[in-house]
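Those sequence lines, one after another, are chains A and B. Mapping of the first sequence onto my numbering: position 327 corresponds to residue 456, and the numbering continues sequentially without gaps. Mapping of the second sequence onto my numbering: position 15 corresponds to residue 144, and the numbering continues sequentially without gaps.
Just so you know, these hints were derived from the structure itself, not from any lab. Worth double-checking, as some hints may not be accurate.
Identical copies look the same in the list; a pair holds intra-copy or inter-copy alike.
[Said to hold, decoys possible] Using 20 Å as the maximum straight-line C-alpha spacing, the simulated SDA-like pairs for lysine to any residue come out as follows:
(1) K202 / M332
(2) K514 / T299
(3) K220 / K401
(4) K202 / T320
(5) K337 / G144
(6) K175 / N187
(7) K514 / T384
(8) K514 / M324
2 protein chains.
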Amino acid sequence: MQAELLTIGDEILIGQIINTNAVWMAKELNYIGVSIKQITSVSDNKNHIIEALDAALNRADVVLITGGLGPTKDDITKTTLSEYFNVGLKKEERVIDFIKENFVKRGIQYLPVHEQQAMILENSEILFNHNGTAPGMWIEHNGKIIICMPGVPFEMRGIMSKYVLPKLKTQFQLPVIIHKTLVTIGLPESTLADMIAEVEDSMPNHIKLAYLPNFGLVRLRLSGIGKDKNILQSSMEDYASQILEIIPKDNIGATEDLKPEEIIGKLLINTKQTLAIAESCTGGYISHLVTTVPGSSEYFIGSLIAYSYQIKINNLGVKAETLEKYGAVSEECVREMVEGIKKNFKTDFAISTTGIAGPGGATADKPVGLVWIAVAGPHGIVTRKIIANGERINVIERTSLVALDMLRREILKD
Amino acid sequence: MQAELLTIGDEILIGQIINTNAVWMAKELNYIGVSIKQITSVSDNKNHIIEALDAALNRADVVLITGGLGPTKDDITKTTLSEYFNVGLKKEERVIDFIKENFVKRGIQYLPVHEQQAMILENSEILFNHNGTAPGMWIEHNGKIIICMPGVPFEMRGIMSKYVLPKLKTQFQLPVIIHKTLVTIGLPESTLADMIAEVEDSMPNHIKLAYLPNFGLVRLRLSGIGKDKNILQSSMEDYASQILEIIPKDNIGATEDLKPEEIIGKLLINTKQTLAIAESCTGGYISHLVTTVPGSSEYFIGSLIAYSYQIKINNLGVKAETLEKYGAVSEECVREMVEGIKKNFKTDFAISTTGIAGPGGATADKPVGLVWIAVAGPHGIVTRKIIANGERINVIERTSLVALDMLRREILKD
Numbered sequence: 130m131q132a133e134l135l136t137i138g139d140e141i142l143i144g145q146i147i148n149t150n151a152v153w154m155a156k157e158l159n160y161i162g163v164s165i166k167q168i169t170s171v172s173d174n175k176n177h178i179i180e181a182l183d184a185a186l187n188r189a190d191v192v193l194i195t196g197g198l199g200p201t202k203d204d205i206t207k208t209t210l211s212e213y214f215n216v217g218l219k220k221e222e223r224v225i226d227f228i229k230e231n232f233v234k235r236g237i238q239y240l241p242v243h244e245q246q247a248m249i250l251e252n253s254e255i256l257f258n259h260n261g262t263a264p265g266m267w268i269e270h271n272g273k274i275i276i277c278m279p280g281v282p283f284e285m286r287g288i289m290s291k292y293v294l295p296k297l298k299t300q301f302q303l304p305v306i307i308h309k310t311l312v313t314i315g316l317p318e319s320t321l322a323d324m325i326a327e328v329e330d331s332m333p334n335h336i337k338l339a340y341l342p343n344f345g346l347v348r349l350r351l352s353g354i355g356k357d358k359n360i361l362q363s364s365m366e367d368y369a370s371q372i373l374e375i376i377p378k379d380n381i382g383a384t385e386d387l388k389p390e391e392i393i394g395k396l397l398i399n400t401k402q403t404l405a406i407a408e409s410c411t412g413g414y415i416s417h418l419v420t421t422v423p424g425s426s427e428y429f430i431g432s433l434i435a436y437s438y439q440i441k442i443n444n445l446g447v448k449a450e451t452l453e454k455y456g457a458v459s460e461e462c463v464r465e466m467v468e469g470i471k472k473n474f475k476t477d478f479a480i481s482t483t484g485i486a487g488p489g490g491a492t493a494d495k496p497v498g499l500v501w502i503a504v505a506g507p508h509g510i511v512t513r514k515i516i517a518n519g520e521r522i523n524v525i526e527r528t529s530l531v532a533l534d535m536l537r538r539e540i541l542k543d
Numbered sequence: 130m131q132a133e134l135l136t137i138g139d140e141i142l143i144g145q146i147i148n149t150n151a152v153w154m155a156k157e158l159n160y161i162g163v164s165i166k167q168i169t170s171v172s173d174n175k176n177h178i179i180e181a182l183d184a185a186l187n188r189a190d191v192v193l194i195t196g197g198l199g200p201t202k203d204d205i206t207k208t209t210l211s212e213y214f215n216v217g218l219k220k221e222e223r224v225i226d227f228i229k230e231n232f233v234k235r236g237i238q239y240l241p242v243h244e245q246q247a248m249i250l251e252n253s254e255i256l257f258n259h260n261g262t263a264p265g266m267w268i269e270h271n272g273k274i275i276i277c278m279p280g281v282p283f284e285m286r287g288i289m290s291k292y293v294l295p296k297l298k299t300q301f302q303l304p305v306i307i308h309k310t311l312v313t314i315g316l317p318e319s320t321l322a323d324m325i326a327e328v329e330d331s332m333p334n335h336i337k338l339a340y341l342p343n344f345g346l347v348r349l350r351l352s353g354i355g356k357d358k359n360i361l362q363s364s365m366e367d368y369a370s371q372i373l374e375i376i377p378k379d380n381i382g383a384t385e386d387l388k389p390e391e392i393i394g395k396l397l398i399n400t401k402q403t404l405a406i407a408e409s410c411t412g413g414y415i416s417h418l419v420t421t422v423p424g425s426s427e428y429f430i431g432s433l434i435a436y437s438y439q440i441k442i443n444n445l446g447v448k449a450e451t452l453e454k455y456g457a458v459s460e461e462c463v464r465e466m467v468e469g470i471k472k473n474f475k476t477d478f479a480i481s482t483t484g485i486a487g488p489g490g491a492t493a494d495k496p497v498g499l500v501w502i503a504v505a506g507p508h509g510i511v512t513r514k515i516i517a518n519g520e521r522i523n524v525i526e527r528t529s530l531v532a533l534d535m536l537r538r539e540i541l542k543d
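Here chain A stands alone, though its shape is the one from the complex (with noise of 0.2 Å):
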């Protein structure tokens, strides 16, 4: 069964806004064997959304709307859909109970621009918007489905969540989609690709095989097709073996989908270890990225951000005669922070972190992107200097990789 998604609204397409919808609802259809085809975003234009609808209902046996149901004047989905139906609008008394119980609660007033909330489609059924006051609405239409939901983020979500998904899998024999993804490290993706090319061709067509390249990581990622389950994960499996037969062990982060701050959580848990941060040029982005893994309170301690030198000397025992000497960008300055961290915070490792994020701070030597890395651990300190290219958030992300990886490298050190 093959869906797919059109999301209505101008801020996507100004760029304002990162369709972060898409992401989330492909990633529970595909989970419940739904394929999504297409996904296409267009403005708040009647004619394009139904140009864009039709085209969507030509290809795939549903497809899911998001935007445009609020109760504001650019939200013209309602209107566009009756149009295109050629149904009337319904008012359903039940959407204006449930708004009043749910304003009531949060200590809001009732409105009578709410009023228009309780508008349906004559051919939809209702589907409950439990944190927000525009319901999603289901609508059967010469054999195939359109769903409309809010383009709120949590409002959508908690529709497909409570209501769409359970129905999907009720009126649908969904087949199996299973998806295998190998991390692999520190390789170019044309390296790979040659190290692997004899089995990716010797896979069969319901198998495909693809690269996934981000920051010094490549993701390959099996996805696989079919009816029975147990054979299909058998036989993905097999090909994902001869791949990690083939690439060398330091270069495998991982054998499933996981991002670099869940591989070294796994590490940590299983070696009953702990971590400290001391952070300068990435601000907390390190620690946040540990601490969005849940349980990560079993080896995560906690973490110093050092932006200015005053909290570097108090706070992580930096000398001010290193700062002085070598700047707050050194290897010297970046090996005391580690050894401060790790010390103050007593954890078996620790990382830390300083550089010129940019854009500003650059100085003759020291250009935008330098960045020095070291990780404390067992094994004692390792550094690292690397120059990290683009923009302030770029710098910030690169340099959290490395410093991820290089701690995934110490930890598993002998």
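Chain B: place on chain A using the hints.
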């Protein structure tokens, strides 16, 4: 002039990666006056790519394609386009030279697989890739322009900035597109819509108003298109002023498209005051947001991420008996945390957070999502309890936005 974006690759359709390329490209293109009619994501499937490209070329003057240009077997963009345009591939020695030079610089070996990168469409012009091996291509066909770029974000960005955007500016007489955003805080979308209905009704066709709600913030975005920049600008400023007169001052966060961390950054710079943060459940995310702003080192001194009891006690001065009696997730603890960080780091303002981000950690009387937030400043300490819905990352994000808004209100207090 209208453009469309066409993203090729399964990873977006299965929800494995967020389409950050689209938002970046849309923003940059809008900035130079190119409006985006549609953004389409399709899989690595030849027929579907051709269908989507054909549809896009029917609607737009320029189609920008990303993805599927790598040297691996899942990269089929070049062969697909070769069929669509009915042209062959030509070998460009300049690409090989360019790759060799770049790869040698980075200490990576040149491989036979790289030869494929030099094969470009016969009807195309090379767009050199300074950050990777797959070059971009610029194709002119039946009065339309097709631009192909690799899907790796920083490679695409480099090609866009260096070649694509300048070339588009030279080849087209671009209209003026202006966006003006007002950030409102603490008013529901429907209440806002009611308030400013009259202004909205009076706006001309070439100026549109959009409501972009997210977590208690609603951004009002005016988008205007015209020929004369000054006339359009002044007309938009006029409507913005009318709206600003209606909305209560306290609910206006900014009169330009600023993120909460940028709003507080401006306020702190203007008042020459400083900030420190003590984070528990937010794990460094508030510090990360604050330090994504260039120049934040002028007011941000540093943070302590106090994930464990030990750090809360030793480094923030939280009393052991407070933790015993009330627990870490309590008003008493968040208050001692904010006092401790402000005193230790000697700042004008401080933020602290402590809560249960989930999915574990809930108790009978403390559910997942329960968070205490405190802000300390010249007017003393304010605290707030919230119960954030959703997953771990939602709790972290919501807490961070509330904390930054509490800080904003404290800075603005007379």
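Status of the hints after comparison with the structure:
1. K202 / M332: between (52 Å within a copy, 12 Å between copies)
2. K514 / T299: So K514 and T299 fail the 20 Å test inside a copy (55 Å) and across (40 Å) alike.
3. K220 / K401: Neither, since 59 Å and 55 Å both go past 20 Å.
4. K202 / T320: So K202 and T320 pass the 20 Å test across copies only (13 Å; inside, 53 Å).
5. K337 / G144: Between. Shortest inter-copy distance 16 Å satisfies the 20 Å Cα cut-off; intra-copy 32 Å does not.
6. K175 / N187: For K175 and N187, the Cα distance is within 20 Å both inside one copy (18 Å) and across copies (18 Å).
7. K514 / T384: neither (28 Å within a copy, 41 Å between copies)
8. K514 / M324: Neither way: K514 and M324 sit 29 Å apart in one copy and 55 Å across, limit 20 Å.
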